[in-house]
Structure formats: structure tokens, C-alpha cells
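**Student:** The residues making up each chain are set out below.
There are 2 protein chains.
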Amino acid sequence: MSKKIDSTPRADGYRMPGEFEPHAGCWMIWPERTDNWRNGAKPAQKAFAEVAEAIAEHEPVTMCVSERQYMAAKEVLSPRVRVVEMSSDDSWMRDVGPTFVVNGKGDVRGVDWRFNAWGGLVDGLYFPWDKDDKVAVKVCEMEGKDYYSLESFILEGGSIHTDGDGTAIVTEACLLHESRNPDLTKHEIENTLRDYLGVEKVLWLPNGIYLDETNEHVDNIVHYCAPGVLVLAWTDDENDPQYPLSKAALDYLEGETDARGRKLEIHKIHIPDEVLITKEESQGVDSVDGTLPRVEGDRQAASYANFYIANGAVILPVFGDDVHDRAAVETLRKVFPDRKIVSIYAREIILGGGNIHCITQQQPLG
Amino acid sequence: MSKKIDSTPRADGYRMPGEFEPHAGCWMIWPERTDNWRNGAKPAQKAFAEVAEAIAEHEPVTMCVSERQYMAAKEVLSPRVRVVEMSSDDSWMRDVGPTFVVNGKGDVRGVDWRFNAWGGLVDGLYFPWDKDDKVAVKVCEMEGKDYYSLESFILEGGSIHTDGDGTAIVTEACLLHESRNPDLTKHEIENTLRDYLGVEKVLWLPNGIYLDETNEHVDNIVHYCAPGVLVLAWTDDENDPQYPLSKAALDYLEGETDARGRKLEIHKIHIPDEVLITKEESQGVDSVDGTLPRVEGDRQAASYANFYIANGAVILPVFGDDVHDRAAVETLRKVFPDRKIVSIYAREIILGGGNIHCITQQQPLG
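From first to last, the protein sequence lines stand for chains W and P.
Numbering-wise, the first sequence is residues 1 to 366 according to this note's numbering.
Numbering-wise, the second sequence is residues 1001 to 1366 according to this note's numbering.
If you are wondering where the hints come from, they were derived from the structure by calculation, not from laboratory data.
Selected chain P positions facing chain W (in silico; Cβ < 7 angstroms):
hint: 1; residue: Lys1003
hint: 2; residue: Arg1082
hint: 3; residue: Val1084
hint: 4; residue: Glu1085
hint: 5; residue: Glu1141
Pairs of lysine-lysine residues, derived as DSSO-like cross-links and limited to a Cα-Cα distance of at most 27 angstroms, are as follows:
hint: 6; chain 1: W; residue 1: Lys46; chain 2: P; residue 2: Lys1145
hint: 7; chain 1: W; residue 1: Lys247; chain 2: W; residue 2: Lys263
hint: 8; chain 1: P; residue 1: Lys1042; chain 2: W; residue 2: Lys4
hint: 9; chain 1: W; residue 1: Lys42; chain 2: P; residue 2: Lys1003
These stretches of chain P come out as covered by chain W in the derived footprint (C-beta under 8 angstroms, 3 or more residues):
hint: 10; stretch: 1065-1074
hint: 11; stretch: 1126-1140
For glycine and all other residues, C-beta sits at the position ideal for the given N, C-alpha and C.
Let's have the full structure, built from the sequences with the hints guiding it.
**Tutor:** So this is what it looks like as C-alpha cells:
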């Protein structure tokens, strides 16, 4: 139903839209790895289901589920969430799903990057990752969308944001990491982004969020809310290890303009109080050689920037930190006056190493 | 995306259309069991692919493939066949897929019968069959079609045909077999068919095709071509064990009328010369305890009635028997003057125990 296309989105007149542009729907994957998600992944499944149902109030959601969990997932999810069988190695649709591009004439295509579990044999988070690496093609095939497939270029969807208007934003920490594309120069990587995202300018933040196991994905520290408008994960505590990372990002962004020459409007959102893994949480995770351990006391890379923009809504992770949760909601109400801000308690998702943006992937309208 | 409905198609005004009514598409499953399909299922995959491509010239085809074979199947199939991941125990979409019903107002729903591998622990052909039994729900869910799900009633799609106009046809050999629904009377079984197929009359042939391992499915001996019009697998050889079975079917049909009171127009199609498993073919199949063996010299239940009616075409199995192959094509040209008759050499399919009708399932237009 769909075919691989050998040119590039740029050559064919396609661009990656901003997440705030209209969606046809949203894709997710059901979590089940017991060496990443505590207590047989049951608490995570509940949280993923809550995210799916919240999004499904605003746009169609497809949940991809393994053969083993198919019927169980269908029992938990309401009939408005479509459940399809799909194998994967974990549940990070943002990073393994296709990046969709559009041509302004009603056509939508996918980009199938190569995936190596956030670092392959250098510092990847698990092994193997072959099922994850097939998810993008399977999604495109199910939807009948043609796709571009990169032969060797490693990239996760969470390591890029676009404004849909010529600009992409990434972090040097991730895209220049030796575990991704060590044989390519920064210039070559930028050219690949220009070709496959249809952008003219790439903004390079130095870092992301402290201890982010993805090598500091951009989607955990900033989020494009509209062309020229970003939220930035921030802390006022100059002793917090996050401070220099957020400060460097702010300084960089204040000195930059986007592809259209706009100065950038930055809205700070303070990070929550530290989220530390409890002993009970740690003990609920199977300890397996080759998978990142979940150790008691470890700080999680919790950030409000890791939200999902749905049609008419923003699905926001919150952490039970009343002061900062409330401040995040208030900022987003100002930034998105026409969208409903839906808060979801997301501790069970961040315990697995990501958040709401990481577990979702929008499919734009053509 | 779809939900289970607790009433019945009859109660909701739905009926199973005739196969000759317009289709939205066709569903198939990729073969791979090495204990049923010789030489790692490679020859069968080639034949299934040929069937899929032939149908895809006339209506959309979705091929359901296991995780293991997904990429291999996508390599073999052209981009016009949609490939989706789905687990199953073998590849008989007719028998494990949903039976679709329509209400004449544009709505299509599925019927999810229970499946026990053609006989369960009594005389089933393999064990287990749990993945097969979930295929119908997965197909409906992928398409967003609501479905009726029978709690315990065993039925395979190949054991029923309908004329879309009030009549179903089945065999006593299969539907009354002790391995299906031994606790139900013939009257109770007939009532279930009336409720779930939306028919008023059930025609009961005594038998199907000699040595048919499905306990003589109706779809191997007759095919409804239009209301009141059937083809019947026939032999002129009174010494062939098929003769009394076909003769009894003919006598029965000549003495019956359908739900609308029509006399039935019967077109005989002579069966091919015996198809016997060769030594080489037998040796290509893994011998596994609990799966029906494929023994050298065994006669296969080869029949031309096991064709698939697509939009504008009939996809017909042929066996390299020039005389009978040609006669089958000629008869079908007369019966279907407006459809293209497409012959496919189907020895590799019958070696697995069925034929083109058994490996396909139409999804009607609403």
C-alpha cells in the first residue's frame, strides 16, 4: 500500500509541520518491558492509557500493542482508541515512529530514520532494537503513506522540533554525540536535517535536561508552540545542575533568529522539584544485564516541556509538585489561549525514562 | 476504534452479502508454518503473493504477516498490497477472519465466530489455535468496524456461503460434526446462522469434497455466483469416491428452493484429475506431533469451486490439468460474463489443505 521513495522531502517539496498544526491523529505504543517499567508495567500501562484517552478526546489515537498484550490492552482502553498489533522493543513512539512531512497539497509522507536505542553499542539503553527500527515503516504501511528511508543516519524523533516554517531545533549534546553519527560533521548532519525536514535553518542548543538518558533530547528542554514562540525548561536555583544547561540554552536562543529572521519569544517553565526513584519503585523493575538499571535515589529528567500538542489541547505531564505544576499550567494557558490544558500525573512515565511527548507521535493532516 | 456489540446482526438489521456483491477489499494471511507448508513455506508464499497481486488489480488487499516474516513479505509483495503485522497460527483468513455483515445504510460490522482449528481436541489440525481465534477482532479493530462476538459457537467462514438474499448454504458433514458444536441440535445451529448471517433459510448439503480435512467445508464443493445460481464440484466417474458426494448434493439442490422460493440453477464443474502428494513434497514438510501430516500419495481435496470473487474478476485455482482447467474457465465465463476469469496455478495452496477461497476474506462495501 505504500512504497519507499528514493529522493528527499526537500527535493519533493515536503516539510515537517509544527506539532501545533492540525493532526489527522496520534500514534502510541503500549509499554510492557518489565526491565524498564516497574511491576510488570501495569502502572505505566495505566498512565499510557490515561494519555491515550485524553488525546482521543481531541483526535484519533492508535495504540500499537504486541501479540502478548493485545487483548489486555483492549480491555483497558476504551473503544475510541484503535488497537493494532505491532512488535517493538519498548514504547517510545516519538523516537521510533515515522516523522511525517507534508507538501501543502494534501499529501503526507513518512521519514524512517535509523534507530539504535539512543546510542547503539556505545551507550544505548537496551539491546537489541531491531523491532523498534521497523515501527516507522509499519505505521506508514498501515496508513498507506509512502516514506523516505535513511540508510544509515541515526536519529530519534524526540531529538528534533520544528516550527513548520523553515526552522528546526536540536541539541549538540545528542546530535553530535559519538553514539549517533560519529562519521558525519555538524555541517553534514545539518544538511541531512535540511533535506529530510524541509527546513532552512537549524538552531543548536548546547544541552538538554540534566541526566536525560537520551543524551539530552531537545523535546525535554524546549517545545515549539508557534513559529517564533518556545517554552524552555528552567530553574531559578543556580546550584541545581540544570541551571547552567538552561541558562546556556536561554543565552543561545536570545542571540538567535529563526529561518524567517524572527527574534524568539521564550517562555520559561520552572522544572518540578527533584523526582527521585524510591526503593519500592526500583525493586519493581527486573534487573537485566544490558538494560539501563533503575536505581533507588536516581534523579529523573522531569520537565514540563515534554508535553503533547493535540488538536485543541495540550496534554501536560505533572508530578504532584503543586507549585510548579500550577505554574506550568498557567504559562501554557497564556501560550495556548485557544487550547485546553490537560494535566496528567506522569510519574510512572518519567520513571521509564521519558514523558508524554516521548510516547506520542502526531500524524499531520495533509 | 471498534466495540463489541451484544445483540445480533438479525436484530440490528444486518445481513451477510453475497461474495459477488461489491467489496471494499480483501484480507489475507501470509503462510509460514513449516509443518504445513513445504520448503519453509517459500513455494506457498509465492502462490499466496500471486493471488494477492491478482486480487489487488481489482480491489485493495491487506496481507497480515507475523513479526518474523514482515519484512520478507514486504519484499515479495508489490507496494499495492498493504502489509500489516498480525499474529496467527496459520494462514486461512476465510476461516479465522471476521464474517462481515451490512445493513444497507452504509454500515459494515464483523462477526467473530469461535475457532478451534477445524475440530479442536477431537480432530483439529493443529494445536494451539489461540492466535487464529483473535484474528477476526484484530481485523475489525484495524478497520474501525464494530463486531458481534460469539461466546462459544464454533464456525469457520469456509463452512458457510450466502446468496445475500436470505439464503445460506452449509454441509451437514461439517456443521453437525461432533468436533464443532456437539451440544447444539441442528435446529439450534440453524437459528444461530439465521441470527448472525441475517438469513431466513439454510440449505444443508450432506457432504463436501472427499478427504477434505476441514470436515468438508461447503466452500470447496459449491459457490454462490448470484442469487439462485450455484456452481457444483462434480465428477462423471461413478467409481470416484467424490461421485456419491456430488450426486447427493445435486439431488438435494434440485429438490430445494431458496429463501425467496427460487428453483436453483446448478452449473457443474468437473473436479481435476487426482492431486497426490509427491515424495519430494512430503519430505519438504516438517513432521511435528499434533499437526496433520502430509504423506506421500495422499489425495488432496482439489476443486475448482474454491475460487474467490473479486470486484470485476474471479480468481480461480487451476491444477495443471489442461482438460478440466479449461472446462472450469469456460463454465465460469458463462456464469460470470461480466468478470475477468483469472487462473492461478494453485498446487502449492492445495498441498496445505485449502485453496484460494480459503485464504481470502472479502470486506463488503457498506
